[in-house]
Each structure stands twice: as structure tokens, then as C-alpha cells.
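These protein sequence lines map, in sequence, to chains A and B.
Under my numbering, the first residue of the first sequence carries the number 86, and numbering increases by one thereafter.
Under my numbering, the first residue of the second sequence carries the number 22, and numbering increases by one thereafter.
Bear in mind the hints are in silico, worked out from the structure with no lab data behind them.
Just to be clear, a hint being listed does not mean it is correct.
[To be verified] Here are some, though not all, of the chain B residues that point toward chain A, as calculated from beta-carbon distances under 10 angstroms: (1) A96; (2) G107; (3) A126; (4) Y144; (5) P208; (6) L211; (7) A212.
[Unchecked claim] Coverage of chain B stretches by chain A, computed from C-beta distances (three or more under 8 angstroms per stretch; other residues unrestricted): (8) 116-124; (9) 129-136; (10) 165-175.
The beta-carbon is built from N, C-alpha and C at its ideal position, and this holds for glycine as well.
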Amino acid sequence: MTAANGVAIVLVIAVTLYAWSGLADYGAGFWDLLAGGRETGRRPRELIDTAVTPVWEANHVWLIFILVVAWTGFGIAFASIMTTLFIPLSLAALGIVLRGASFALRKDAARVNRRHLAGWLFGLGSIITPFLLGAAIGGIAAGRVPVGNAAGNQVTSWSNPVSLTAGLLAVSMGAFLAAVYLVAEAHRRRLADLDAYFRIRAIAAGASGLLLGVAASVALYAGQRQMFDRVVHRSIPLLVIGVLALGTTFLLARRGFLRGLRVVGALGVAALIWAWAVAQQPYLLPFTLTVTDAAGAEPTLKWLLAWAAIALIVVVPILAVLYTLDQRNALGEDPTTSRIDSGHG
Amino acid sequence: MGEVCLWSSADQLLPARSQMALTLMFHVILASLGVALPALMLIANYKGLRRNDSAALTLARRWSHAAGLTFAVGAVSGTVLSFEMGLLWPGLTGTYGDVFGLPFAIEGIAFFVEAILVAIYIYGWRRLRPWTHFWLGFPIPVVAALGAFSIVAANAWMNTPAGFTVGSDGRPTDVDPMAAIFTKALPYELAHLLLAFYMAAGFLVASVYAVGWLRGRRDRYHRLGFLIPFTVAAVATPIQFAVGDTIARWVASNQPAKFAAMEVVTQSGADQTEIIFGRYHTDTNDVSGGIRIPGLDSFLVGFSRDTYVQGMDNFPRNDLPSNVNIVHWAFDVMVTIASLLVLLVLWFAFAYWRKRTIPGSKLFLWLAASAGALTYVAVEAGWIVTEVGRQPWIVYGIVRTSDAVTRSDGVWVSFAVVTVVYLLLGIGTVTALRAMSRRWRRQDIADETAVYGPRPGPPVAAETDLGTGT
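With these hints in hand, go ahead and build the complete structure from the sequences.
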């Protein structure tokens, strides 16, 4: 295996990790937005807030890592993608600002209406960002990003049927993952009503994800037959795993087995991402630029791989400390009020 | 900045540069707090634990909460910058990404580690054992400095590019990423930046308590809140003065065009006059107005009036910064503020040596209260000097900024949107910090004395169910 392939695999792993953490965060924002009026939505919102708060920054560093590795490893591809998809990616960055900032600031907003506005922006950013990132990936998969500085069509590269369905699929995947995580979170806190609340939503999001997956396949069939054939020929096992995982999640959720729920849900999402990666390889930009063609200098790629290994050794243990402390409720203080978290019991 | 377009075919250059400048200038404020605030908070934490000092612990806890907020906003503005590297400057990342990108990957991980440790530290108050909590936070300033090192390495590479040769196709070959990280400019820029960050954060935090002191809140809490950060900044200030002076000389020999713009040296030669402020005229290559000190510029560069200094006449017009006045004024603003801060620090050192307390003079307190904002003006001015002064190059002497810019349409629109959003973000952040401070003031200090205990149990509903979810 060449260093370039190694870096490409690192990128797909990073995308997977980002989906597991960051995409689920967007999903939490989605449920926050849909939680209804101030009174009816209070309890689910509180649970979302407690679940997301200590980990949300860490979750989104994966995206920075993806961008940086992309331009260091595959500069030409990165520059082509960012400039052709200038509009959706600028808007995605805007969405990140909206949700990140309003999440950070909303509890400090002294007035209720400002807090309400911040919560609304948080939800809005949580929907448009995964949609646009998904649409960008759809545009890449549909072969709409040629090599060059803004060489592709700035509008149709992401407003085509493949992109739009991929964007919606990303939103529903996030909503699905978030609901699955929140079921476990509610269960852990013995909040039976919220447990059921998010269980229904997990199933709904999973079902709509399945439908959108089918829709995306139809769009791919109509719009980019070559890629569709690759998906069919190469990625079927992964798609089967994805659908099985989804079915198992439904089953587990209905039966109330919660231990494996999160793992299975995450596995399903990962299978979908790898199905895309496997179908697309060896192309970074189908079907004009391969991983090898786009690869940067060999010494850089080797350092990048070495650094990814170091990162894994360093980050995983302390990330484990964070999640463990969080799950043990050792991280309970609410910094914005400087008071002890009263919990939701 | 308008004349930039005269020799550039890229229509997107002006909005792209403006957007990059705005987002960078915004981010650098948060970056400085992300690097230096954790150190201040740990010093207070250590002091509080060693002496069982509840005021120091309260400060540490409150600073950590402020750091958490600025860190979160900084994470957001940092994400925007990584997008912009591709959105705005495809000619840089697309062609030279593999040469200078590695430090960003290092920064990505450093930031990741910092984010996790900050989260543990902030959310760990009252829940973790005091010393465990302190030691979990202890690596934060080190990791933050590593992150700063990475970003500065990339910027230093843009100033003194190394670690590659330009091939016949115009693309870099023989890439040596380590040589690209450890460039000539790195030690200078890194020392300058870290000292600047500690000064900025130190003076800023101290200024909050200087205001409190002025308003008569003269308790131990305000005393420590002023002394800890002010001392840190005071130590950094004279070192920074010497470092900055060294760097100016280094720029004179390594980036002579930038130096000529910084000091508005129009004609090459010995016995150069130091011109403070004044107005440079591009068409005639001369300067009107300003305070002039004969021979001083030559003296500062080579410790002798006979020192030869290259002037702007030595360079083709299109190899000089597009706007010399901005570079020159930014440089003079930075140096003026640094000089004022040195005087302020001397005053403080003398008074503290004699009386072991904060100087009571109203003037001192007013100056100390404004030192935070002034230092940030100097930090921004410094970045303007290095960034605008490097123009028209994005990679000094190798890639022109106009060749690196995006050809996407609509950069003006994105610049306009970014301006509005960042304005609101800035207002929101300041409002939130002020709300935080108001809440602290309302809060009974008795509530705060127990920063570590009695530690409450986990939330009621989870009490019976520890660990099942892990």
C-alpha cells in the first residue's frame, strides 16, 4: 500500500469519526429545534443539552482535522473541491459559526428572547451544516468537481439530485445517531418518558434515512450511472451491513436492549460511509483525479501517516478519559451559571 | 487597499484578503486567550491549593469559565479559517499544501487535546479531587504552546519559504516537510507571538480587576485578580521589547522590502532618518509629515549611523506592499504601545518593590485598566505589519497572493455576510462575558469559597445507575 492510499484511508476514518461524533451533534440540534414549544420541549432540550455540552468542541475538531489532512495530503483535490463547491462550503462554515456560537453563548444570554433566538440559530445551523456537507460529498461522488480553481459549475455542482438527496441523507443520519445516543442517555438517567420519546424518533429517523438512501441511489442511477454501477458491484456487502445494522437498531430499540444500541447504530452509519469510499476509490474526484495523482510529496505523506498514528495514541486515551468522566457524571458543573448541575431527576 | 487591483487580474483578491484579514484578526484575540488564559488560571489554582486560598481558587474557577467560553468561540472561528484556506486561497493549499500543511495537522491534534483537557478541567470543578483536577489541567498551556508553534511555523514558512525547490512545471519538488517547519523566521516569530499572547491575556485580565480596584472593590479577590495576570504580563513585556527590536533588525536583512515599508525608507543609503508616522506617497516615493529623528533608523538597524539600509527605490513597485502606509502606521502603533507598556511595567515594578502592593495612583490604575485593550491593538497591528508587509507575496518571493486567490464568484457576498456574522459574534461574546461577570458579582462569595467541596453527588436520577452506560 502506498503512503497516498494510507492517507486516503486516514481521511475516511476521520470522516467516520466525525460522523459518529459531530454528525450526531448536528442531529441533537435537529431534535432540539423540533422539540416544540418552550414548555413541551423543555425536558428533551435539557437532556440534549446535558448530553452534548461537555463533548461538543472535541466532536468538531475532527472536521478541522479532515480539512487539514485533505490539503496537506491531496492539495489539488482540496483546492478543486473548496472552490467549485464554494457556495455550499461557505454556507456550511457559516452554519458552524451559527450553531457553535449560539450553543456556547445561549446560556449566557441574559434575556429570554435572546436565549430563544440563540436556540433557534443553533437548530438552524444544525440542519443546514450537515445538509450542505452531505450535498458537497454528493457533488463529489456525482463527478461534478473537476480539477482546477473553481473549474466546475458553482451552482449545479451541489444543487443536483444526487447532492440534494445526499444532503438530506446526512441530516437524517445525524438525527438517527443522535436519537440513538439520547435513548441510551435517557435510559442511563432513568428517564423512561424521554427514553420512549427518543426511541420513536430514532426509528423515524432511521426509516427516513432508509428512504433517502433509496432516493439517493435512484438519483445516482439517473445522474451518474458509472458511480451507481460501482456502488452496486463493490459496495453491496457494506450496504447490506448498513441495512442490517439499521434493522437491528430498530429491533434493539423496540425490545429495550440498550447496551448494544449505540454500537450498532454507529456501525450502520460507518457502513454507509465506507460504501461510498469503496465505490469511489481509487478516485478522489470521480472520474478525473485518482488518489495517486492528487497525492502530495511522499515525505509529507509519510510524516502525515506517522502523525496520524501518534494522534491516535495520544488522542484516544484522553478522549476515553473525557467520555468516561462524562458518563460517570464527573463532569457535571455548568460553567455558565457557575453552579452545580442539578440534573434532571 | 484599493490600488491592489491595478496589477491584479483577480477580481476576488480584495474581498478575499479583506475576509481573511477580518477572520484572522478576530481569531487571534481568541487564540491569545486560548494560549495564555489557561496558564493564568493554573497559576491561581496552584496558589489556591498550596495556600488554601479561596480567593485564588475562585479566580481560577471563574477564569476557567471565561476561558471555556472564549475557547468555544475560538474553536468556531478556527474552523472557519481552515475552510478559508481552501475557499479563498486554492493556489496556496492546492500547490503548496504538501509543503507547509504538516504543521496544521500537528495543530489539529494539539487543539484536539487542548479541547478535551479544557473540557475536563472546566466541567471537573467540584467533581474531581483538587490535585487530580489541577494536574489534569496542567498540560493545557504546554499543548496550547505546541498549537501556537504549529501555526507560527506555517506563517514563518510563508515569510521565509524553505523545504522545496520549484520544479520546471512551477510546482514544488524535493519537498522536505521538516525543513519547511523549521524555517529561519520560526524562532523569531514564535518568541514574539508567545510573549505577545501572554502580555495580551495578562494585561486584559488584569484590566478587569484594575477597573474593580478603581471602583473601590479593594479586597483580596481583586488584589490577586490584578496581581497574578499583571505580573505575568509585566515579566513578558521587557523581554518582548528586546525580542521585537531584534526581529526588526532581522527583517531588515531578510525581508528588506517589508522593512523599507515598515520604516518608510524611500531611498537606499546610510544615515537613514527614523520617521514616526507621516504619510507615504506611492507616486513620488516620498514621505510628508511625521516626526523625524536623523540617523536613528540606521542606528537601530546596525548600531551606527553609517549603516546602509535598503529603501523602496531598490524594488520594483509591484514587489512592494500594496499599501505602505498601512504597514508603516501599524508598525509605529505597535512600537508606541509597546513603549508605553514598558513604562507602565517599570512604574509597577518600582511601586511594588517599595510597597508590596498595587500602586494606588489613579493614573496608574487608569493606564492599567486600558493596557489590556491597548495590547490587543498592538497584537493586531503586529499581524498587519507581518501580513500586509509581506504583500504582494503569499509565499515570500515565490507565489503572489493574486495568483493564489480563488476564482469562485461571490467572495464579496461571503465577505459581507462574514462581516455581519462576526460583528454579531463579537457582540455576543462580549455580552456573554459581561453577563458572566455580572452574575459573579451578584453571587455570594460564600457560595464560591467551596470551589472544591463539599462535592455533590451525581444528579439524582443517575445516582443509582453509575457506569452502566459506559
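Hints versus structure:
1. For A96 of chain B, the suggested interface contact is upheld, since its CB lies about 5 angstroms from the closest CB of chain A, less than 10 angstroms.
2. A least Cβ separation of about 3 angstroms between G107 of chain B and chain A falls short of the 10 angstroms threshold, and the interface hint therefore holds.
3. Given hint, A126 of chain B at the interface with chain A, holds; its Cβ is 5 angstroms from that chain's nearest Cβ, closer than 10 angstroms.
4. Taken as an interface hint, Y144 of chain B checks out: its beta carbon lies about 3 angstroms from the nearest beta carbon of chain A, inside 10 angstroms.
5. Checking P208 of chain B against chain A: minimum C-beta separation of about 21 angstroms lies over 10 angstroms; hint violated.
6. The interface hint given for L211 of chain B is violated, since its Cβ lies 19 angstroms from the closest Cβ of chain A, which is over the 10 angstroms cut-off.
7. This hint is violated: A212 of chain B has a C-beta 25 angstroms from the nearest C-beta of chain A, more than the 10 angstroms allowed.
8. Look at the segment 116-124 of chain B against chain A: 7 of its residues bring a Cβ nearer than 8 angstroms to a Cβ of that chain, three or more, so the hint holds.
9. Counting residues of the segment 129-136 of chain B whose beta carbon lies closer than 8 angstroms to any beta carbon of chain A gives 6, which reaches the threshold of three, so the coverage claim holds.
10. Counting residues of the segment 165-175 of chain B whose beta carbon lies closer than 8 angstroms to any beta carbon of chain A gives 0, which falls below the threshold of three, so the coverage claim is violated.
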